[in-house]
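Novice: For reference, the chains in residue letters:
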Amino acid sequence: MNRFSYHRAGDIAEAAQMGAEPDTRFLAGGTNLVDLMKANVERPTRLVDISRLSQNTIEDLPEGGLRLGAFATNADTAYDERVEQRYPLLSSAILAGASPQLRNAATNGGNLNQRTRCYYFYDTETPCNKREPGSGCSAIGGVNRIHAILGTSEACIATHPSDMCVALAALEAEVRVQGPAGERVIAFADYHRLPGDEPWKDNTLQPGEIVTAIDLPADSFTENYTYLKLRDRLSYAFALVSVAVGLKMEGGKIAKARLALGGVAHKPWRVPAAEALLEGQEPSADLFAQAADAMLQGAVGQGTNDFKIELARRAIRRALRQAAAGTPQSQTNKQVA
Amino acid sequence: MTTHANAPARIGEPLSRVDGRLKVTGHARYAAEHPVADLLYGWVVSSGIARGRITAIHEDAARAVAGVVEIITHKNRPDLAGSDSAYQEQVSPPGKPFRALYDDEVQFSLQPIALVVAQDLETARYAASLIKVEYEAAEHNTDFRAAQAERFMPSKKRNNYLGFKNRGDVDAGMAQATHRIAETYHMGVHVHNPMEMHATTAVWENKDSLTLYDKTQGSQNTQTYISNIFGLKSDNVRVLNPFVGGAFGSGLRPQYQVFLAALAATMLERSVRVVLTRPQMFSHVHRPEALQAVSLGTDASGQLTAIRNEATTSTSRFENYMENVVNWGLMAYACPNAAGDYTISPMDTYTPGDMRAPGAATGMTLFEIAMDEMAYEAGLDPLEFRLRNYSEKDAMNDTPFTSKALREAYAEGAASFGWDKRSMEPRSMRDNHELVGWGMATGMWDAMFQKTAARAKLSANGNLVIETASSDIGTGTYTILAQIASDTLGIPVDQISVKIGDSSLPMSPIEGGSWTAASAGAAIEATCQSLGKKLLDAAEKVRNSPLEGAKFDDVVFDNGRIVSKADPSKNVSYGEAMAAAEQGSLEAEETVSAGISGMISQMRKSRNTHSAVFAEVKVDEELGVARVTRVVCSVAAGRIINPKTARSQILGGVVMGIGMGLHEETFVDHRIGRIMNHDLAEYHVPANADIHDIEVIFVDEPDPEVTPMGVKGVGEIGIVGTAAAVANAIFHATGKRFRDLPITIDKILE
Ligand SMILES: Cc1cc2nc3c(=O)[nH]c(=O)nc-3n(C[C@H](O)[C@H](O)[C@H](O)COP(=O)(O)OP(=O)(O)OC[C@H]3O[C@@H](n4cnc5c(N)ncnc54)[C@H](O)[C@@H]3O)c2cc1C
Ligand code: SF4
Numbered sequence: 001m002n003r004f005s006y007h008r009a010g011d012i013a014e015a016a017q018m019g020a021e022p023d024t025r026f027l028a029g030g031t032n033l034v035d036l037m038k039a040n041v042e043r044p045t046r047l048v049d050i051s052r053l054s055q056n057t058i059e060d061l062p063e064g065g066l067r068l069g070a071f072a073t074n075a076d077t078a079y080d081e082r083v084e085q086r087y088p089l090l091s092s093a094i095l096a097g098a099s100p101q102l103r104n105a106a107t108n109g110g111n112l113n114q115r116t117r118c119y120y121f122y123d124t125e126t127p128c129n130k131r132e133p134g135s136g137c138s139a140i141g142g143v144n145r146i147h148a149i150l151g152t153s154e155a156c157i158a159t160h161p162s163d164m165c166v167a168l169a170a171l172e173a174e175v176r177v178q179g180p181a182g183e184r185v186i187a188f189a190d191y192h193r194l195p196g197d198e199p200w201k202d203n204t205l206q207p208g209e210i211v212t213a214i215d216l217p218a219d220s221f222t223e224n225y226t227y228l229k230l231r232d233r234l235s236y237a238f239a240l241v242s243v244a245v246g247l248k249m250e251g252g253k254i255a256k257a258r259l260a261l262g263g264v265a266h267k268p269w270r271v272p273a274a275e276a277l278l279e280g281q282e283p284s285a286d287l288f289a290q291a292a293d294a295m296l297q298g299a300v301g302q303g304t305n306d307f308k309i310e311l312a313r314r315a316i317r318r319a320l321r322q323a324a325a326g327t328p329q330s331q332t333n334k335q336v337a
Numbered sequence: 001m002t003t004h005a006n007a008p009a010r011i012g013e014p015l016s017r018v019d020g021r022l023k024v025t026g027h028a029r030y031a032a033e034h035p036v037a038d039l040l041y042g043w044v045v046s047s048g049i050a051r052g053r054i055t056a057i058h059e060d061a062a063r064a065v066a067g068v069v070e071i072i073t074h075k076n077r078p079d080l081a082g083s084d085s086a087y088q089e090q091v092s093p094p095g096k097p098f099r100a101l102y103d104d105e106v107q108f109s110l111q112p113i114a115l116v117v118a119q120d121l122e123t124a125r126y127a128a129s130l131i132k133v134e135y136e137a138a139e140h141n142t143d144f145r146a147a148q149a150e151r152f153m154p155s156k157k158r159n160n161y162l163g164f165k166n167r168g169d170v171d172a173g174m175a176q177a178t179h180r181i182a183e184t185y186h187m188g189v190h191v192h193n194p195m196e197m198h199a200t201t202a203v204w205e206n207k208d209s210l211t212l213y214d215k216t217q218g219s220q221n222t223q224t225y226i227s228n229i230f231g232l233k234s235d236n237v238r239v240l241n242p243f244v245g246g247a248f249g250s251g252l253r254p255q256y257q258v259f260l261a262a263l264a265a266t267m268l269e270r271s272v273r274v275v276l277t278r279p280q281m282f283s284h285v286h287r288p289e290a291l292q293a294v295s296l297g298t299d300a301s302g303q304l305t306a307i308r309n310e311a312t313t314s315t316s317r318f319e320n321y322m323e324n325v326v327n328w329g330l331m332a333y334a335c336p337n338a339a340g341d342y343t344i345s346p347m348d349t350y351t352p353g354d355m356r357a358p359g360a361a362t363g364m365t366l367f368e369i370a371m372d373e374m375a376y377e378a379g380l381d382p383l384e385f386r387l388r389n390y391s392e393k394d395a396m397n398d399t400p401f402t403s404k405a406l407r408e409a410y411a412e413g414a415a416s417f418g419w420d421k422r423s424m425e426p427r428s429m430r431d432n433h434e435l436v437g438w439g440m441a442t443g444m445w446d447a448m449f450q451k452t453a454a455r456a457k458l459s460a461n462g463n464l465v466i467e468t469a470s471s472d473i474g475t476g477t478y479t480i481l482a483q484i485a486s487d488t489l490g491i492p493v494d495q496i497s498v499k500i501g502d503s504s505l506p507m508s509p510i511e512g513g514s515w516t517a518a519s520a521g522a523a524i525e526a527t528c529q530s531l532g533k534k535l536l537d538a539a540e541k542v543r544n545s546p547l548e549g550a551k552f553d554d555v556v557f558d559n560g561r562i563v564s565k566a567d568p569s570k571n572v573s574y575g576e577a578m579a580a581a582e583q584g585s586l587e588a589e590e591t592v593s594a595g596i597s598g599m600i601s602q603m604r605k606s607r608n609t610h611s612a613v614f615a616e617v618k619v620d621e622e623l624g625v626a627r628v629t630r631v632v633c634s635v636a637a638g639r640i641i642n643p644k645t646a647r648s649q650i651l652g653g654v655v656m657g658i659g660m661g662l663h664e665e666t667f668v669d670h671r672i673g674r675i676m677n678h679d680l681a682e683y684h685v686p687a688n689a690d691i692h693d694i695e696v697i698f699v700d701e702p703d704p705e706v707t708p709m710g711v712k713g714v715g716e717i718g719i720v721g722t723a724a725a726v727a728n729a730i731f732h733a734t735g736k737r738f739r740d741l742p743i744t745i746d747k748i749l750e
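So the sequences go chain by chain: C and V. Following full-length UniProt numbering, the numbering of the first sequence begins with 1 at its first residue and continues without gaps. Following full-length UniProt numbering, the numbering of the second sequence begins with 1 at its first residue and continues without gaps.
Keep in mind that the hints were calculated from the coordinates and are not lab data. Since the model is a prediction, treat every value here as computed from it, not as a measurement. Treat the hints with caution; some may be incorrect.
Stretch by stretch, here's where chain C covers chain V in the computed footprint (C-beta under 8 Å, at least three residues) [unchecked claim]:
1. 123 to 133
2. 516 to 527
3. 622 to 631
4. 660 to 673
5. 676 to 684
6. 736 to 746
Listing some non-contacts, in silico: residues in chain V with all C-beta distances to chain C over 12 Å [to be verified]:
7. Arg77
8. Gln88
9. Gly231
10. Gly549
11. Glu587
12. Glu590
We put the CB at the ideal spot given by N, CA and C, even for glycine.
Next comes chain C alone, as it looks inside the complex (with noise of 0.2 Å):
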């Protein structure tokens, strides 16, 4: 680990003037952050502590919608009466990562922020383009069980490990950002961005910017929605592949329909074809197969990650199934519904 020196903002006007200097990185749970200094992955020079800003309540939006503070915890956000009863899809994908201890540090704007766990990225003895441009992928042509099977590119092969995101990005919330420029918000489609031939930039926060809070919209789903989540074992660990849907049924027919992946690419996966393929029709087996092959459309698998072609397939099927039949996954039971 680097030396730095440690600084806490007093607010996030502050903490954006700071931010935007190089080699600063903002500190929030530190759950991931610093196992990365650990690493010698990430070597700022400076932290600045966002932890404790104001930023860390949740409240309610005047047209019926709910604002998470980013400096919320998982956990509180996961227990919070308003988002288990209105948005309990946001909260079964959050108590599916991590463990207690995680998601009681670990806040929703370091959610966000986390970076990918490709194993070579972790490991500074190898090449890797997110971690040092230019310097190749290891993961391509190597160990890629945990990589991306969607939207790779030849730079970059990870994926963004989150699964609070799935379900953000089903629930089509919106980012709230604040830089040294103002404020901006941002969709959530367009917050994390895809490798390219730029893989070290994970999202479109600019420098300096920090999230605020996340808004999610009045519209959601309470009924007809599940986070299901696959993994080498039943509890803590990261989705081989993860699913998240949201249905709005009316009269035996799929009105809506959001659908969003993890763990098969650099962001959370979606495919509005796919949801446009559904909405307006009678739930089928032949139906959630045609949605299933629209969401892995152009899927590639890299080697030992070749299954997660097929797994995802199953899966976003299963999950319809849930969704339509209103038994979503439980976090607890670990049989799967």
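For chain C, the structure is supplied; the task is to place chain V with the ligands on it using the hints.
Specialist: Using the frame of chain C, we list chain V with the ligands on its own:
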């Protein structure tokens, strides 16, 4: 049954851990936690390549960091012992033992190549990150399948390699068989990953002596190792390991951190602590990779006519590590024709080593998957098939067992599991949309005994101190030794202080092989009995002693009094006896060993623990998700000193066995010869959610012959066969046979 600390404990009682409170309150100190004045901290720099030479180490930037005291590499290390033999210890396999920082050669990925020593840990860690190393890489191989081209049988065998004996004519047996199977099984490298990282605090006393707090399973083994390498008098090297945060075999051989800490301390004449990181825990010992080919044949009735059991396991290029892998398959079942083959296959890794039930966890487990296949081929229930081929004696050595209550273990395990309700047909049992599978397997391990010494001292106030150099690696050694002493001398546990984990105490072997309860237990018992005799002698000195003329067998030692068995009203308190003999305290010291007669008996009889493991799985076939929902592990392990700590050992073994069946796997990038999932986020061991009901049964197996106390040991038997029971259950659930462990989601999905 509850035990009160102020009453003597009995052998066989479920006494709670005497060190439990220390552990849960953080008062139990582990190797890196002992406070030492003026301590320096070492950080290990690990190699980025798997094989080659170091051509340059750029350390200027690191040296420039304030607080850095020294950077030790092969270039500036002091002179050390030159011969390989100085680096060999009790557990070393034949070969050239690895010497850290010895020269510019790199033999495996993550090999330690420098130690940065600084005033504090963070400075050392930071400076280490500034060191740049240049290498001249050489070709390497970490691919076990490719290593098959080089497999061989070394002429010089490892000490505890027992080999195997063939019998009959396997080809003829195969030819005459009605049913046959021939399959190959694979299990990858497992890494021990105890919770506590390998660590050493080296306390520099003066230039002739060192004290080392080390994570080891054998303080005296480390003591010999360090004194040989550094040319110190053995008595001047004291190694302490009062608490060990798990080890599973990784602490049997001294690991490189103890060498590095001792090196830095002697070189700098300062106290130095070295703690490995979790990724570095993937740089040394591991369970070897294995391929095992099993062919079996039976006659029409399901009687085995032929067994062929051939295995190869991985080793390093510099040492020939061997395990007892194939003997189990040849010992376990009655069959006139059986033959084995065993080789090792060298790769560019560190030398593999003993990991919980080494050899059996691999060889018996994979063999038991083959036995399940054979049962199905012969159309027999897997338990019935095993009973039909039950061997009363050790079928390989043609010797009787001192005891073998496996039949009882099968029966009690099956009854508790409800095996009779199983339907034979794969895919025939369901729970809603999940397939249900029931599988079983047999487990086997050695019941070993090692020479061990102990000392005991009773003070006039009734307090007893018992001592032996043994280790408690989390197994409950403190507890059972206190319990044995308490029972033998009738002294409450809270008046007994157990001293172990210190090389200056009476001789004790490394804690391994499940022999500690039997060996250290017998040493404590013998020592306490000897002390009891001294007490009786002293009691005779009491004026008008009521125990006048009483022999040792005529009395019992109960709650601080020597009591006549014939007339309990005749008794003398320990205090009275010691006062009469004018002794402020009484001491005894004894050594137990198998002795000549014991060794002959060891050759004439086989000594083993057995188990029957039953597992239930539920499989979501569409998604490839398998859950182990129930396990019954029924164990025949002789006398159980403490059913609570013994049960915990079996539980731990079963959990590890479930991990072996479903989770534990290293992912090696063969291009660079490196394990890539080198942390606990990506190297998966079972989490709570993966573990459900585990029932442990100890069947009655009195065996006065196996070891002095009739104890066989339970540290390892719980892992043996468990993964096979899981794999067999998955077959029963799905109809798909998995011959490559672990059985992960991608495999079930195929
Ligand atoms: C062993 C382990 C298992 C895990 N398993 C899972 C899992 O199964 N599923 C899952 O989803 N997650 C999992 N996690 C990840 C965990 O969810 C993240 O580490 C956590 O959400 C990060 O939050 P934090 O507040 O601790 O972030 P920090 O570590 O403090 O920060 C992470 C990054 O985000 C930046 N950052 C933080 N807050 C802001 C902000 N407001 N604006 C801009 N940038 C910001 C920081 O600068 C840093 O770069 C796991 C983590 C561990 C260690
Ligand atoms: S996948 Fe991305 S993060 Fe992983 S090695 Fe390649 S460039 Fe680095």
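Novice: Does each hint fit the structure? Answer for all of them.
Specialist: Evaluated hints:
1. 123 to 133: The restraint on the region 123 to 133 of chain V holds, since 3 of its residues have a Cβ under 8 Å from chain C and three suffice.
2. 516 to 527: violated (count 0)
3. 622 to 631: Answer holds; 5 residues pass the 8 Å Cβ test.
4. 660 to 673: holds (count 7)
5. 676 to 684: Since 7 is at least three, the answer is holds.
6. 736 to 746: holds (count 3)
7. Arg77: Holds, because the least Cβ-Cβ distance between arginine 77 of chain V and chain C comes to about 23 Å, which exceeds 12 Å.
8. Gln88: 31 Å, holds
9. Gly231: 35 Å, holds
10. Gly549: 66 Å, holds
11. Glu587: Non-interface label on glutamate 587 of chain V holds, nearest chain C Cβ at 49 Å vs cutoff 12 Å.
12. Glu590: The claim holds: glutamate 590 of chain V sits with its nearest Cβ about 48 Å from chain C, beyond 12 Å.
Taken one by one, the earlier hints fail for this structure only at number 2.
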